[in-house]
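Peer 1: Given only the sequences and the hints, what does the whole structure look like? Please build it.
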Amino acid sequence: MRGLTRDLVVTAALAVLLVFLPAVLREVFGRASVSYLSLATNALVLAVLALSWDMLARTGQLSLAHAAFTGAGAYTVAVLFKLTGAPLWLGIPLGGLAAAVLALGLGSVTLRLFGIYFAIATLAFTEVLKAAVQRLPTAVAGGAAGINVPALFRPTFVAGSMERWEVAFLRNQGYFWVYAGLLVVAVVISVVIQRSRLRAAFTAVRTNEQVAGVMGVNPARMKLLAFVLSSFVAGLLGAVEAHRLGSVSPDGAFSVHTTVLALVTPIFGGLYTTLGPILGATVLAGIEETLKRTFSEGYLIGYGIVLVASILFMPRGLVGLGSKLFKRGGASASGTTGERA
Amino acid sequence: MDLSLLPQAIVSGVLASGLYALVSVGLALAIGVIGIVNFAHGEFFMVGAFLAYQLFVGFGFDPLLSLLFVAPALAVIGALIYLSSIRFVLRAPELNQMLLTFGIGIILQNLALLIWGGDPRTIANVPYRSLGFQVGGVSIGAVPLGSFVISLVLVAGLYWMLASTPLGRAMRAVAQNRIGAGLVGLEVDRVYLVAFALSALLAGLGGVMIGVIQSPTPTVGLGFTLKAFAIVVLAGLGNIRGILGAALTVALAESLVATLVPNGDALRNMVFFAIIFVVLVWRSRRVA
Amino acid sequence: MKRIIATLVVALFAVAMAQGVTIGVLSPLTGGAAGTGQAQKAGFELALAEINAAGGVLGQPLEIVIEDTKADAATGVAAFEKLMTEDGVEFIAGGYSSGVTLALVESFRTFQPVVSWIGGAVSGVGIDGFDGIEELLGAEPWFFHVHPWDYQNTEASTAFMASTGVKSVALLHEDSAFGGPGAIAAAGLLQDAGMSVPLVEAFKSTLTGGTGDFRATIAKAAASGADALFWIGYDSDVVPLTSQIRELKYDPQYIFGAPPGWPSEFDAAPEAQCVTGLIGYLPNLPNAEAKTFLDAYVAMHGKAPDNYMAALAYAQLWSYADAINAAGTTDQDAVIAALQNGTFRSPMGEWSFKPSVIALHQGFGSEMWNVFQFQDGVREIVWPLARATAPLASCR
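Residue numbers (my numbering), protein chains in the order written: chain U, 77 to 417; chain W, 23 to 310; chain P, 252 to 647.
Certain hints may be false.
Distance windows between CB atoms, simulated [unchecked claim]:
(1) U:Gly106 with P:Ala585: 21 to 31 Å
(2) P:Glu601 with U:Gly106: 36 to 46 Å
(3) P:Pro392 with U:Val234: 41 to 51 Å
(4) P:Pro606 with U:Leu212: 30 to 40 Å
Since the hints were made in silico from the structure, they are not lab data. All residues carry an ideal CB built from backbone N, CA and C; glycine is no exception.
Peer 2: Here is the structure:
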């Protein structure tokens, strides 16, 4: 358990860092901190999405249903506020719960599917769910046009005592903190998995289910547990996104793009780790924005090249590369680094 | 429900299975034989469609004539991609392959955006695109019929090649046992190279067909890509013949629902993916 | 040392002053809506070159900063905030996608720059329980909306249909936010105008995951016995829809579509013959600028504009330049007043901002729309009659 204590201390340190980051950005960049905070928030969203996907992948379940879970969270919030006058913050936990229940259902019927069969089944599930939500009565789910969702933060502008960008800063800081909270929740779940017997159980299920059975691990229960934990986090994320983006629609909420990013980011950062997805999200978001600001045309070509190069030169992601360099550096203090991995 | 449209629905559905099989057969080779989950396969369709467009605009080539040029061009592109990247991830986990091919897809899509822009294009003069034959009150479209015949020939040819040629036997051998076949390492690499180039070539053929039916755009491949993946998996990995049955099942179901249910066309994807989901789940439970 | 710094600051300040007015542009340059974004960009580039050749704005060259939204809501918000806080712009142009616009509502309200917004046509008017762009932003004095609202599009379409004298119309529409809500309104208006609507049928557009097999839907339209076919879908649906109508020997009197644009080179396709469509800009419109815009556009970009969004973007940037010059200052209230009171030239003819159902400042209305018909490879204007270059021909 000493490992877990250490990880939780690191998580607490990360939380403190995230709490103060907006103020630091504001001190250093002034009004530009508004836009940097938005970019940082987008990176946080990606990190939570990626970490949530990774938890499920640890049991070998290669899900293409992550858009279904974020979408379920988003629609839970939207329908809740459309039909009832629920308190503003109630929708977020309910969104997580709805996604978890959905995952329990999906997970229990896909238990015997593996690899690409599992992947395609979960993708098909997402597409069916998207079409079904669009077909629900307009009075309930808004049909194709979707549903408006109220903002979580609406700081007021006080003329004379503040500037307009400071209002935007307060709103962005609010959302940043909420997503930071989600990340901390996801990290805590992730490190608890990694530092308990669950880690060995998940790994056993991933590498060989029969052997896992012999070891006394119940593969079905482990898979469902991973599904529920992962989708709960994804559902929370979708719910907050619905508030931040002001509306939900079937094509937006259940986008394949969300699913693909959920899978690409942890691979880039390093699979089956807590740090990998977070690092992957931060670096990928940073690279994309830098390329966008550097090249006016075709910046996404550069982004694609980065992805291709990353998998060729660091097959175990950023984390794999880091640990390799670290070990090498330890072996020969002044040894050469940057060698091809 | 208007049952007078039923014969047309059945004919349209059967013929539509041709295009579905055509876009799936190359992917089946990539996934089933090489074991590569190629997320860039849809971009191969897109490149095929744009090349057919460019050959029409530049030289006035009919798409059928363009097939002769697009197919080898895609094979070369596929081979280059294999040699420069895929080759290095063959033994890596399939997730690594997905990230790699996803990156390749982004590159291809945005290169196309730079070259051709985002506006939909048109291969303006395809004399047989709006051609239909009336047989007993039912219309048979020339393009669906052509796709159907081409896909039958391709599937049969591929099946024969895998079953009866030395190259095909080598492909099946490496598909079944990579480590064993790896004893003759150089050969294996060559077999994979040929298989991946062939997969891209087949995608190019599908892309030309898509370019005839639709407007080439940088994202034209997307609608077909997800469906092609699903059809390959429905058929079962490595089961080339099964593509035909899988494509027929989903295409017929789509056509029937689109015809017989009010606003049914908007339900096409729901029907398609519901079948995929139910069959995969049902099959997994039956086996156990 | 202090003196050097002081000189430097003064110099920098002078440079900043000399840079003149910068307008921030939000547009989807990549991704699924890249066609629209690239068209807008091409229109802005042309307008910018002309404005600066004509002396710029307030005696200085005008500058624009274009940010890619990818038609993604979160990216759009971050891009807007970059324009406001890093680039220091006070005027926003461009605009497309209702999802992105809805996400920007809170940020627009916070910064309250002058926002001139082309797209996001979902007004929300007539949709119960959903607040659209016009309902959320229309009453803001700093918000100017350029493209007609969805109900103005529908008004024009149904007015054209009524003018043809057909008795019945089959209505096909794509099933997402673009075609879904509009179709219900259109069916009502067609019936109000005395036409029967035997079929209202949704289809899956090629832009939202469809594969372009519209045979089932077309067979239903044929079986409905309607005189005319009216479809609402995307540019990429044009080729499969028109070719399959012919393949199935469906023979309505008129085939009328309202996509946001028409695919390049479709004009030369045999399937185009007798097809009619709603369009904002055409080079043969009866105003001098329609032709000069085309010539200048071809000179700069090497081909004619494929998408009328280019003409709208061009008109939008010119309206900013004219308004700021008329105001003689970049003061926000003065520019708003100048935009509100000005009359601007455009390839679509003269235009100005006026109130719509809710909005204070709506640019083009239903009067912007023309119906053209492909007649032997030429887009002839057939409606409204005052602008017609040829009579409407029946497809039969």
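Peer 1: Run every hint past the structure and note whether it holds.
Peer 2: Hint check:
1. U:Gly106 with P:Ala585: 21 to 31 Å: Given about 27 Å between the Cβ atoms, the range holds.
2. P:Glu601 with U:Gly106: 36 to 46 Å: Given about 43 Å between the Cβ atoms, the range holds.
3. P:Pro392 with U:Val234: 41 to 51 Å: Violated, at about 20 Å.
4. P:Pro606 with U:Leu212: 30 to 40 Å: holds (35 Å)
Checked against the numbered hints given earlier, this structure breaks only hint 3.
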